[in-house]
Every structure is written in C-alpha cells, then in structure tokens.
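Peer 1: Chains as they are written, first to last, in the numbering used here: chain A, 1 to 115; chain B, 116 to 230.
Keep in mind the hints are simulated off the structure, nothing from the lab.
Some clues are possibly wrong.
[Said to hold, decoys possible] The calculated DSBU-like cross-link candidates involving lysine-lysine, where the alpha carbons are at most 35 Å apart (straight line), are:
| no. | chain 1 | residue 1 | chain 2 | residue 2 |
| --- | --- | --- | --- | --- |
| 1 | B | Lys154 | A | Lys53 |
| 2 | B | Lys168 | A | Lys39 |
| 3 | B | Lys154 | B | Lys168 |
| 4 | B | Lys154 | A | Lys39 |
| 5 | A | Lys53 | B | Lys168 |
| 6 | A | Lys39 | A | Lys53 |
In case you want the letters, here they are:
There are 2 protein chains.
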Amino acid sequence: MNTTTTTTAEQPTLDNIHHLAIAVTDVTASVAWYQAQFKCDVAYQDATWALLKFANTSLALVIPDQHPPHIGFVVDDAARFGELTTHRDGTRSVYVNDPDGNALEMMARESVRAG
Amino acid sequence: MNTTTTTTAEQPTLDNIHHLAIAVTDVTASVAWYQAQFKCDVAYQDATWALLKFANTSLALVIPDQHPPHIGFVVDDAARFGELTTHRDGTRSVYVNDPDGNALEMMARESVRAG
C-alpha cells in the first residue's frame, strides 16, 4: 500500500513570502509607530532591527547599513540559488538579486518552522 | 441576549499584508524571471505593472514612475488615515508615509475580498 501525503491549507502549492525588510532610521521609534497604526506583534527587537508579525507574513524594520532591505521567500531546493548560510534561528538561506537589483532571500523550506 | 461574533481562522486578530510593490524596469522580463524562480500565479499584467500571487500575499512588480513602490495593509477603519479613494477593483484605500518615507497603502478591510 502506498503512503499518501495530504496537502493541508498550511502547505499550499504556491511559494510563501516569509517576510519583507524595509529601511528605517530609528528602530525604537518605528516599532512604536507601526504598533500604533497596526495590529501586529513584536517578535524581535534590538537597536539594529525589529521583526513585526502580521497575520499572514512578517515585516522587518532594519537599519540598512546593518541589515539590507530585502524580501524573504520560502522555496523548495533553495541551494539551486547558491550556497546556503545557516542563521542563528536555524533557517538556512542565500541572498540573490532580481534583474533590477532587488535583494531576495531564498529560504530553505525545510529549515523554516511552520507558522 | 447579546449577539456574539465568532473569530475564524480566516479573520485573525493581527492585520494582513495584502501585497508589496517593488520597482522593476521591464515588467515582461521581470514576470518571466519571477515565474522561473518561484511557484506563483500571474493575477494581472500590463506594460506598467504586474501582480504575482503567492500563497500568503501578493507581490506587485511596478514601473516606479507609473506606480510607486509600497506595502499594502488591510486595516480596520482605514478612513482614520485620510480620505479613501475607490479603485477599479473595488478596493478603497489611502496612501500614507511611515516616519522614514516608506509608502504604505491602508486598505479598508470591508472593501477587500477574502482570499
């Protein structure tokens, strides 16, 4: 008997945008501003960047000379884009540029926790 | 007897990021490039912009002097941010800048179709 895999609503056939990171000049002030405008949770914050969790994806606020603005995608076979780096949170990824120089982080699906 | 509202998984308590729009110079070439890298669907495309649907949000590729790069949020009471404009797709929104000049589109929740 074959083993079948059930695709759930949490594992769609389209790729996921894990986060986007935009440039700010003052992380503390920007976190306060975003929390005043939106219903979002602060998942991480230090002097150089913060991570705001929204319902469907996350928004990183970054000091650009510390952390470059980019978009993070969860993809299959991320290594096709280059050598993966393992980060402190356990995710593995590689940065590439699109044809216009937009920075994209290609994150290995198996290294990204659900939710 | 009071009327109670049930919150479903599709109506989370955190706000949603509806789309992000990034600058490209050639919409046709960029759509082809993104489709080659990612599992995404082309929801709309013309010479000035395209909308790529991902599992959890959408990515717009825009010619910046036609459509400014921005992030679109679905929010309650969008009119608190200013006068709403109704777009051809029926959504109503207003653009504001964050403290660093990042452009944000505040979209009225009741004008955005589910999914």
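Peer 1: Which of the numbered hints are not met once you compare them with the structure shown?
Peer 2: Result: no hint breaks.
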